[in-house]
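Given the sequences, and given the hints that come with them, work out the whole structure.
Residue numbers (our numbering), protein chains in the order written: chain L, 1 to 386; chain P, 387 to 713; chain B, 714 to 895.
Among the hints, erroneous ones may be present.
Some chain L residues near chain P, calculated using beta-carbon distances under 8 angstroms [as the list claims (entries may be wrong)]: (1) 27; (2) 29; (3) 36; (4) 138; (5) 139; (6) 142; (7) 143; (8) 145; (9) 212; (10) 215; (11) 217; (12) 218; (13) 367; (14) 368; (15) 369.
Short, incomplete list of chain B residues facing chain L, as computed with Cβ under 8 angstroms [to be verified]: (16) 756; (17) 811; (18) 859.
Away from chain B, derived, C-beta distances all over 10 angstroms, residues of chain L [claimed, not checked]: (19) 25; (20) 151; (21) 155; (22) 210; (23) 224; (24) 234; (25) 246; (26) 312; (27) 363.
Simulated from the structure, these hints should not be mistaken for laboratory data. We put the beta carbon where it would ideally sit given N, CA and C, even for glycine.
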Amino acid sequence: MNLDLRLDTQGDFYSQRFQPTEREDTLVLNMGPQHPSTHGVLRILLEIDGEYIIRAEPVLGYIHRMHEKMAEVMSYPQYLPNPGRTDYLHALAWNWAHVAAVERLMGIEVPERAEYIRVITCELNRISSHLLWWGAILLDLGAFTPIMYAFDDRERIQDIMQRNTGSRLTYCYYRFGGVSADIDDKFIEDTRAECARLKDRAKMFKDLVTDNFILRKRLEEIGEIPVDTCRKYGATGPVLRGSGQAYDVRRAEPYSIYDRFDFNIPVYDSCDSMGRYLVRMDEIQESIKIIEQALDTLPEGDYILPKAPKRPKPPAGDVYFAVEGARGKIGMHLVSDGGKSPYRLKLRAPGFSNLSLFSEVAQGTLISDAIAILASLDLVIPEIDR
Amino acid sequence: MIEAIPTQFIIIFVGLLAIMAFVGLNAVVLVYLERKVAGFIHRRPGPYEVGPPCFPHGILQPIADGLKLVGKQIFTPKGADSFLFWLAPMISIAPAIVCFIVIPFGPKLQIINTNVGLILILAFTGINVLALCLAGWASQNKYGLIGAARDISQGVAYEIPLLLVVLSVVFMTGTFNLFDIADGQGAWPWQWYIVYQPLAFVLFFICALAETNRNPFDLPEAESELTAGFHTEYSGMAFACFFLAEYAYMVVAACIMAILFLGGFQGPGAPGIWWFLAKVYVLLLIMIWIRWTFPRVRFDQLLNICWKWLIPLAVLNLLITLAVIAL
Amino acid sequence: MAQENQTLTHAYADISYDEPIIDHAPVQKILNICRAMSLWPMTFGLACCAIEMMGFGMARFDSARFGAEVFRPSPRQSDLMIVAGTVNKKLSPLVTMLYEQMPSPKWVIAMGNCAISGGPFVYKNQYGIVEGVDRIIPVDVYVPGCPPRPEGLLEGLFQVQKKITGRRWWPVPETATKSEQW
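If you want it as structure tokens, here you go:
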């Protein structure tokens, strides 16, 4: 609906750069930044022949919020709420990556109980992120009802989470050396009830949506991403696992206490949108398994290191910490010069790599397919732009 | 002689006014119904609070929406062909109203009883394709253009099985007169044509969904793909006209289905308009139910369904019908 | 949330439209009530607040109850623009363009701290963001929070309705007592 949509205008910098084509019978369509299926302000320039896409080029930067620069001017505790706002759907994974990078550099040992609380809350957050994605992909495919059902469960999880994190969406719960508040019996009780409920709902989701004839036709054999393409662009998370490679940071380089839990890494070899869909649906169940195991073995103890530094000053050096987010591998590369704020903080956003392969995959597909592919990549635009 | 012609005109004039009221009222009821059914499916109340306490459950919501749309600014976008731009909503809504002239609402409630009623309806509903095409073309909008292109290929493709299905019923009855078709069926459900032509009913229902651009075939206005498709650039009342036309065509489709397959105004006990409206609204409810349940099909799949499945099945149905009649 | 916005009670008088065709007080009054009861928001999510804006339309909070049900993706058909998130300098011409594409009468809610003032992304010598969406388009109602809860956005909707019609339509929610809070 924007900028160079009129046939008679010349467009802005990006569309002018995109314009010169060899063929004359094509149309340059500008999808976004305000478009219902770009999930935010992603803008995609498409050259289309009829309904078929010849070229696709994402244009980024419409929600660039200077996260990396802010890390350099703010002290460590001041920067704490920011990672949660990069990827607001899986805020705790980013929060975790930031906190753990500092902890690793300073050599802080996190108490046992705090690690368990982190795992439980992070997995709950992953479920709520996947639920929202599930609703959103179906919204993009034209079915409006599933997002209502997804939000039904999501709201329950948010209620559980806000009890000890204090917020509904952009959580800032982890602190250097632990978490900000302990969990109580009501939290455990509610979480167990919600896990049982989600197991029940999974059957309904499958009957209502996953087995739907039209949905299968819309997703199967659409947007096939070979594993080589994934490697070339550095795609991680469900996109890579949907292409047949069982790479999960929780298993490949176990951080925290993930090596203590018994869970599967769902992998599908079909490489198509349906593979990515099924990976995420299975991951919800795997997260439930992890949460239940963690609740069963939750130890007593401190929820935060009593001697945890309020204003950390890590020694000079650099450290990299990776966390498995809902969208893939989240990485934080922290370079410290010993001051009260980092010298440099590099955020590795999985969405950026996952989006990069879009322009290759979208070639030759229909507009409707391109939207299905885009939705199956599960993009969060502020995370891509940072 | 001089007296006779004006009487006919007066009947048509009064009839048209009544139909306009009926179409308007239907749209209001359907908008409310659609939202309430959607709310029921989504497990939420839907429109609830709007209106004074004497009108509970948000009954006044569609009226507020309608009046708001009347009060909106309307304008022609830059670069648009203003004549065609404003012609499109009008030729979208006008044929829909004409269609109702020949529909027998009850044993004595029909404005014109004509031999070619069914042909008239099929001809006038075809104009909607042109209206949507003009709307998409004239608004100088790329999404509108794609929406228009989709609408033409969809509308043209689905006319064929629709006509073939109608033809098989017409061969059974030997008439295009809607009143005679309805009158020829008995009062009880096993005397209706749906028993003899179950396949034709299913095919007609699918085609009707596609012709009225309802989910899962709502490709011309596919919200998540083309923002709002052919009516992306329309605001206020012009947009409302398209909405009104969509609901009017839904009612027309449901009316034809009720007449051809479900016995029209016939029913156990006394035949009358109540039976007719009840059947029409059951069909409309099913349409709404489908809309809120299924995802949208893709464009090539839509055409494949038509050319690979519906048309061969419709031809088969026609041949079987002819064979049975000939025997 | 429960408190009335003091400035609003004086501000609703200066709503400006294009010159109306029928300028008749009772007609305008009825039209205004209809406008207030059917505010169609535009699907224009920017950042974190967009998720809470979705929550605002979903089953639990259900904005459909108050007539704000139909999220229109096209600005031509929407009445209410909810600026849900950070507006940066690259995006700001587009926000202006979208606002201009909406037909009058139209209203704007600045949702969240980013849209109000730049929120957590303001620091000395920042280079990227617009510090408050009211620098580029007129804003009717500000809903603070980072992100605001859907209840907060509902209250913002009520305030827009109040601004249009001059009266508050729904009862003011009671503040929870200390024992009910958790």
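Hint check:
1. 27: Interface hint status for residue 27 (chain L): holds (6 angstroms vs cutoff 8 angstroms).
2. 29: holds, 5 angstroms
3. 36: Since chain P brings a Cβ to about 5 angstroms from residue 36 (chain L), closer than 8 angstroms, the hint holds.
4. 138: At 6 angstroms from the nearest chain P Cβ, residue 138 (chain L) passes the 8 angstroms test, so the hint holds.
5. 139: At about 6 angstroms, which falls below the 8 angstroms cut-off, the nearest Cβ of chain P leaves the hint on residue 139 (chain L) intact, so it holds.
6. 142: This interface hint holds because 3 angstroms falls under the 8 angstroms limit.
7. 143: holds, 4 angstroms
8. 145: Holds. Min distance 5 angstroms.
9. 212: holds, 7 angstroms
10. 215: holds, 5 angstroms
11. 217: holds, 6 angstroms
12. 218: holds, 6 angstroms
13. 367: holds, 6 angstroms
14. 368: Interface hint status for residue 368 (chain L): holds (5 angstroms vs cutoff 8 angstroms).
15. 369: holds, 7 angstroms
16. 756: holds, 5 angstroms
17. 811: Hint on residue 811 (chain B): holds, closest Cβ of chain L at ~6 angstroms, below 8 angstroms.
18. 859: With Cβ-Cβ at 7 angstroms, under 8 angstroms, it holds.
19. 25: For residue 25 (chain L), whose nearest Cβ neighbour in chain B is about 27 angstroms away, the distance exceeds 10 angstroms, so it holds.
20. 151: violated, 4 angstroms
21. 155: Residue 155 (chain L) is in fact no farther than 10 angstroms from some Cβ atom of chain B, at 5 angstroms.
22. 210: For residue 210 (chain L), whose nearest Cβ neighbour in chain B is about 21 angstroms away, the distance exceeds 10 angstroms, so it holds.
23. 224: Given a closest Cβ separation of 29 angstroms, the condition holds.
24. 234: With a cut-off of 10 angstroms, residue 234 (chain L) remains clear of chain B, as the shortest Cβ separation is near 24 angstroms.
25. 246: holds, 30 angstroms
26. 312: holds, 20 angstroms
27. 363: holds, 26 angstroms
Against the hints set out earlier in the document, violations occur for numbers 20, 21.
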